[in-house]
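Given chain A, put chain B in place with the hints provided.
The chain contents come next:
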Amino acid sequence: MSLPHKPVDGESPRKSVESPKKPVRKVIAPRRSRKEEELAYGRVFQGCGLQSDYDVTTKLGEGTFGEVHKAVQKSTGNLVALKRILMHNEKEGMPVTALREIKILKALKHPCIIEILDMFVVRSNENEPLTVYMVFPYMDHDLAGLLDNERVKLQPSQIKLYMKQLLEGTEYMHRNNILHRDMKAANLLISNTGSLRIADFGLARAYDSKPADHRGRERKYTNCVVTRWYRPPELLLGARQYGGEVDIWGIGCVLGEMFNRRPILPGTSDIDQLEKIWQLCGTPTQHSWPNYDTLPGCEGLPRFTQTLPRTIKMKFVSVEPETVDLLDKLLTCNPKERITAAQALDHEYFWTDPLPADPKTLPTYEASHEFDRRGQRAPVHRPVVQPLPPAPRPPYYGNGPPPGRYGGPPPGAPPFGSYPHNPPGGPPSQYPPNAGPPRGGYAGGSRGVNNFRGSRPHNSRPFHPRGGPPGGNRGGGPQPPRNWRNGPSSGLSLNYPP
Amino acid sequence: MSRSLYPLASLSQIRQTPSRADGIPASLESAILANACKLIHTAGILLHQKQVAVATAQILFHRFWFVSSLKSFSVADIAFGALYLGSKLEECPLRVRDLVNVYHVLLQRAKGKVGTEIGIMSYFGNTFYELKDALVVAEMQILKRLGFNTHVVLPYGSLVSYLRLLGQDRPNVVAKAWGYLNDALQSPVYALYQVPTIVSAAILLTSRFLAIRLPDAWWKLFDAEWEDVWSVCGYIMRLYHPEIDKKVVERMLTKGDVRTWLEENPRAVDVAQEENAIHN
Chain A
1 MSLPHKPVDG ESPRKSVESP KKPVRKVIAP RRSRKEEELA YGRVFQGCGL QSDYDVTTKL
61 GEGTFGEVHK AVQKSTGNLV ALKRILMHNE KEGMPVTALR EIKILKALKH PCIIEILDMF
121 VVRSNENEPL TVYMVFPYMD HDLAGLLDNE RVKLQPSQIK LYMKQLLEGT EYMHRNNILH
181 RDMKAANLLI SNTGSLRIAD FGLARAYDSK PADHRGRERK YTNCVVTRWY RPPELLLGAR
241 QYGGEVDIWG IGCVLGEMFN RRPILPGTSD IDQLEKIWQL CGTPTQHSWP NYDTLPGCEG
301 LPRFTQTLPR TIKMKFVSVE PETVDLLDKL LTCNPKERIT AAQALDHEYF WTDPLPADPK
361 TLPTYEASHE FDRRGQRAPV HRPVVQPLPP APRPPYYGNG PPPGRYGGPP PGAPPFGSYP
421 HNPPGGPPSQ YPPNAGPPRG GYAGGSRGVN NFRGSRPHNS RPFHPRGGPP GGNRGGGPQP
481 PRNWRNGPSS GLSLNYPP
Chain B
1 MSRSLYPLAS LSQIRQTPSR ADGIPASLES AILANACKLI HTAGILLHQK QVAVATAQIL
61 FHRFWFVSSL KSFSVADIAF GALYLGSKLE ECPLRVRDLV NVYHVLLQRA KGKVGTEIGI
121 MSYFGNTFYE LKDALVVAEM QILKRLGFNT HVVLPYGSLV SYLRLLGQDR PNVVAKAWGY
181 LNDALQSPVY ALYQVPTIVS AAILLTSRFL AIRLPDAWWK LFDAEWEDVW SVCGYIMRLY
241 HPEIDKKVVE RMLTKGDVRT WLEENPRAVD VAQEENAIHN
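Chain order of the listed sequences is A and B.
If you count the first sequence from 1, position 95 lands on 95 in our numbering, and the numbers rise without skipping.
If you count the second sequence from 1, position 168 lands on 168 in our numbering, and the numbers rise without skipping.
Isolated chain A (complex conformation) (with noise of 0.2 Å):
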C-alpha cells in the first residue's frame, strides 16, 4: 500500500529511460538555415537569430547568473555582449526568472536601460544541455570595474551625470511597475561615451502600486533578493510588501560607493549588514519609522542595545552639501519616507554646479568590467599581500563575501567621502615615494600603460600615467587582492538566526 510509485507492468523503472530505445523524439531534424526559412516562409523571422550570426571572442563575467560573453555580431560588426541563461534545472524548461527577464526587457524602452538585441537557442549535445544566449549591446564598462580601475577618477560632474540616468531610467521603470531588486554598482553598465544602462533584470519583477488588490488581500513578494551590501534594511527585516523603494536604497549605495570608491556598507551577514546600515544611518525608532518592530525579521533580533545616532552627514563631510543631502534621502531607513526616483530628479543636487558633465567631455577608458579587474587584480598582487592586522572577527562559514580586507571597516575609519587612493588603514606602499611600481606590476599593465585615449575632462587634475602623483599609489601599488566583488550573491545567502 505504500508504494503506490512502484514500477506497474512492463513499464521498467527510470533507469532504463536511457535506453536507446526511447529515440522517437530524439531523431534530430535539420535545422532550417536562414535561406530555407526564407523559402518555407517567405519571409525571416526576427527575434530569435542563430548561433552562427556570432562570432564569440572573450569572457566577459560569470556568476550566478550564467556566463557573458564578448562577441561580434557578423551581419553588422557591432560589438554584444552575450548572456548564457543558465538552465538551474533544465527538466523544467525555462527558468521563471529568465522568462520575466526576456519580457521585462522587451517591454521597457529607455536609453537608460539596456535593450535585447536577439536571443538564440543552441541544441543540445552531447556535452552540453540546450542552452539559451541573450544579445545585448557591448558596454566597455560596468560601474563596479570602473571604481575598482585606480585610473579612473571621477569628477563630481561625472557622478552626476551618471546619477541622473540612473535615476531617470528606474523613474521610468517604476512609472511602468517594475522593480528591479537587483540594484548595485555591478548592474549598471557604462560607455565610453558616458552613458549609463541599468542591466541585468533577472530578478525583476512587475509589482502593483496599490498595496492590496480589490479582494483586500496584500500582495507578498519574497525577501530574498537584492545583494546583501545593496539591500535595504527592510528586506533585512523581512518585510514582503514593498515597491520602488528597494531599488532607491541600492541607488543611494551607489552613490556613496561613487564617492567611496567601495561599497559603503560591506556586511558580512545579513546581522552585521543591519548593525553597518545602523552605524551609518542611525538606529529606528518610533518616530523615525513607526512600528519598524513589527516586521517580522525583529523578531529573532537581539534588542538594538545603544541607539545609535545618523552619521552620514559626518561621513561624508568632504562631499558636496547638496550631494549629501540627497544621499542622506536616498538612504533613508523608512521606507515610506524615502526619496522616490522622480522626487530625486528634482532634487538640488542636479540644479546646482557643478552640473552634471557633458557626455563629450569624458575620458576613455580601457574597457573594466568587474570580472576583469578580477581576473587581472589577482595572479599580480597575491604574491605581495601583506598580513593583515589581525581584527576580531568570527570565523568565516557562510557564504556571504569571504573575510577580506573590507569585510568591515578598520577600527578608526576614515570619513567616507574622504578616501585617498592608499587608505590610511590599509598595507603602506613598498615602493618609496616617487619610484613607481616595477614594470609589469600593473593591474592592468600588459594593456599597454597610458589607458586614457580620449581627452581629458577639463578641471580634471593632470593625470600621471606612470604610478601617480608622488606619494600616491594610483598605479596600483601592492593591494591585497580585491575579490570581494563576486561576493554575496543576491538573496540566496540568507542567514537569519532561527
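These are calculated hints, taken from the structure and not from any lab test.
Check each hint, because a few of them may be wrong.
Distance condition first, Cα-Cα at most 30 Å in a straight line; then the derived DSSO-like pairs of lysine-lysine [what the hints assert, rightly or not]:
1) A:Lys35 x B:Lys144
2) A:Lys91 x B:Lys111
3) A:Lys106 x B:Lys144
4) A:Lys70 x A:Lys164
5) A:Lys109 x B:Lys144
6) A:Lys360 x A:Lys336
7) B:Lys255 x A:Lys35
8) A:Lys59 x B:Lys144
9) B:Lys38 x B:Lys144
10) B:Lys132 x A:Lys106
11) A:Lys360 x A:Lys153
12) A:Lys91 x B:Lys38
13) A:Lys35 x B:Lys71
14) A:Lys91 x B:Lys255
15) B:Lys50 x A:Lys106
16) A:Lys153 x A:Lys276
17) B:Lys132 x A:Lys91
18) B:Lys144 x A:Lys91
19) B:Lys111 x B:Lys246
20) B:Lys71 x A:Lys91
21) B:Lys50 x B:Lys255
22) A:Lys220 x B:Lys50
23) A:Lys91 x B:Lys50
Using the frame of chain A, we list chain B on its own:
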C-alpha cells in the same frame, strides 16, 4: 505594463498559414485548433489554474500556428507547452508532474476511454518522461518561433470599462460578453485583431442576443472598425457551427494523426490547394 498593443499576424501569414500551405484545409485547421484550445481550457479547470494563465496560453498557442504547420508539430504537445509557458508568464507556475498527469488523462479521454479505463501512469514510467520532455520541448519551440516575444494583453479589463461607458454593466450583460470573449479564445482572433476590436465584437453579439439597444456606431468610441468587428463576430459564431465532425477532430492530436488523415483524404488536400489558389 502599459504596453497595450501586441504583435499580430501579418497579412501574408493570414492569407496562407503554414498548415494550409501543407495542404490542410482551412476548416480542418480551425477545428483542430479550437479543439486543442478546449483541451487547454479543460486542463486549466482540472489544475485549478487561473483564467489569466489559460487565456495567455491560448493566445500564444494561436500565434504559434501562424508560423508553424500542424504537419510538423503535434498540436496537443504545443497546447500543453503553451499552458506551461503561460502559467510561468502569469506568475502562477504549475508543477510539471501535475500538468503531465492531466495531459495523460486528457489524452486517454480523447482516445475514448472513460472512468476506470484510464490507466494510472506509473511514477517513474517512460510515459511520464516522454510527456514531460514533450512539454519542455514544446515550450522552447513556442518561445523560439515567437522570437521570445511573449507579450499578451487580456481583454477582460477593457470589457468591463467599455460596458460601464455604455451604461450596460448589469451582471447578465457582463457575464454574456465575458463568455463570448472566453469562447473567442478558441478562434485565432487574438492573433488577428487588437483587444478593442475583439471586445467590441463580444459586446455586439451580446447586445443582439439580449436585444439591447446601443447608440449608433458605438464601436467608434473604442477605435474599432465595423468590418473588423463583424469579422470577429464571424469567427466567434463559426465556433458554434463546426463544419467538421467533432469525433474526427477530437482524435487528431499529433502530427502523425494529421499526416494519416491527409493520406486518407487526398481529395480534401486537392480542394484545399484549389482554395489556396483562389485566395492568392
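Unsatisfied constraints (hint numbers, rising): 6
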